[in-house]
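Asks: I would like the entire structure built from these sequences, with the hints used as guidance.
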Amino acid sequence: AARYECGRPIKPIRESPAFSRFYNRIVGGWVAERNSFPWQVRVMVHIGGDDYEACGGTLVQTATGDSTDLILTAAHCFEKEGNYSDVSKITVLVGGHNMGDPQEATRRAYRVKQYLHHDFSRETNENDIALLQLEQPVKYSDSALPICLPRTHEKIPTDKKCYVTGWGTISEGGSSSSLLRQVDVQVITSGLCVRETNQDLMFCAGKEAGGKDSCQGDSGGPLVCESGGKYTQYGVVSFGVGCARPDLPGVYVRLPKYMSWLTRSADSLHAMSPTTPSKTKAPTETPAAEVPARTPIKRPTDTPISTSPAKKPAITRPSIYETLMQPGPRRPLTSG
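Throughout the sequence shown, residue numbering follows our numbering, covering 2 to 337 in sequence.
Please note that the accuracy of each hint is not assured.
Said to hold, decoys possible - Here are the simulated lysine-lysine pairs, DSBU-like style, with alpha carbons at most 35 Å apart:
id	residue 1	residue 2
1	Lys90	Lys231
2	Lys140	Lys161
3	Lys140	Lys114
4	Lys81	Lys156
5	Lys114	Lys12
6	Lys12	Lys140
7	Lys231	Lys156
8	Lys114	Lys156
9	Lys12	Lys162
10	Lys81	Lys114
11	Lys12	Lys231
12	Lys12	Lys90
13	Lys140	Lys231
14	Lys231	Lys162
15	Lys140	Lys156
16	Lys140	Lys81
17	Lys140	Lys162
Just so you know, the hints here were simulated from the structure itself, not pulled from any lab data.
Replies: Following this line, the structure appears as structure tokens:
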């Protein structure tokens, strides 16, 4: 058997905060063991000067091998008022754990060659998914491994141990974490979130009592569930109202619904030449499901990149979706 398999980390995942010296919130989570989520990457979008916006993402593979050049993340990380980020502005940090350490030995920065999004709708947040192709493949190691992908239309498990990971804020409106954190979440099948979102393309997860959630800056990162010691990604962090509020869990892209798009998009990216224009307008209508955006966004020039993370990345998980959910008054957030 191959030494490295998808979804099977070399280090076991910490199953509870009892095994972590740092229990203070991804929201409601704890610091991950180094190399226990080796598929997790950080996607940095340069917005000017020393300023970056940060998202999460995952290493994925559509063919077996000892490396991959594909990153799965959320489309809204690159979209601003109908325009999509130029690939020269995007850097992917792979193999990182402590973003506060500028000399972290396992972390490496990769340029992006091109990417495809799936006709993301700003109005409904549907199709909040993007696939990036790196200029060089990531060779698998203890700190960089792909996550397993679900079968097309596979059901999201409601009885498995599931986690969300990221470097996002650790309380609503709070500061971000230097260390990768994890939180255990449950898939939620009833309530306001389920009623107010398109459950064909999305799903809700958190804890109905609140207190556990992904948060700003975790956008594009994975929701993964365990089966037989192997982890499979079922969701992409998309949006929410606030963080970890009661009755308002996080909303995730329903990844099994997009598997045929993902496979086709990977084939398209690998078949295309990197010479077309780099800007594309967001479509005004959402075409039929599982039709990839027609114009890939590609890298036009060779630009230098840094392996250091941004000092103060801005946060990109949207918090403007009160119009989508109309929750009414909420109890104030409590700590502890």
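Asks: Are the Cα atoms of lysine 12 and lysine 90 separated by 35 Å or less?
Replies: 33 Å, holds
Asks: Holds or violated: are the alpha carbons of lysine 81 and lysine 114 at most 35 Å from each other?
Replies: With Cα atoms ~20 Å apart, lysine 81 and lysine 114 stay inside 35 Å; holds.
Asks: Taking 35 Å as the top limit, are the C-alpha atoms of lysine 140 and lysine 114 close enough?
Replies: Judged against 35 Å, a Cα distance of about 17 Å means the pair holds.
Asks: Holds or violated: are the alpha carbons of lysine 140 and lysine 231 at most 35 Å from each other?
Replies: Holds, at roughly 20 Å.
Asks: Would you mind confirming whether the straight-line C-alpha gap from lysine 140 to lysine 156 stays at or under 35 Å?
Replies: The given pair, whose Cα atoms are some 31 Å apart, holds under the 35 Å limit.
Asks: Given the proposed pairing of lysine 140 with lysine 161, does the C-alpha separation stay at or below 35 Å?
Replies: This hinted pair holds, its Cα atoms lying about 30 Å apart.
Asks: Taken at face value, is the distance from the CA of lysine 156 to the CA of lysine 114 at most 35 Å?
Replies: 33 Å, holds
Asks: Just to be careful, I want the Cα atoms of lysine 114 and lysine 12 compared with a cutoff of 35 Å; is the pair within it?
Replies: 31 Å, holds
Asks: Take a quick look at whether lysine 81 and lysine 156 sit within 35 Å of each other, Cα to Cα.
Replies: 32 Å, holds
Asks: CA of lysine 12 to CA of lysine 231, is that 35 Å or under?
Replies: 12 Å, holds
Asks: Sort out whether lysine 162 lies within 35 Å of lysine 231, counting only the CA atoms.
Replies: 11 Å, holds
Asks: Within 35 Å, alpha carbon to alpha carbon, are lysine 140 and lysine 81?
Replies: Judged against 35 Å, a Cα distance of about 32 Å means the pair holds.
Hint check: no violations occur; every hint is consistent with the structure.
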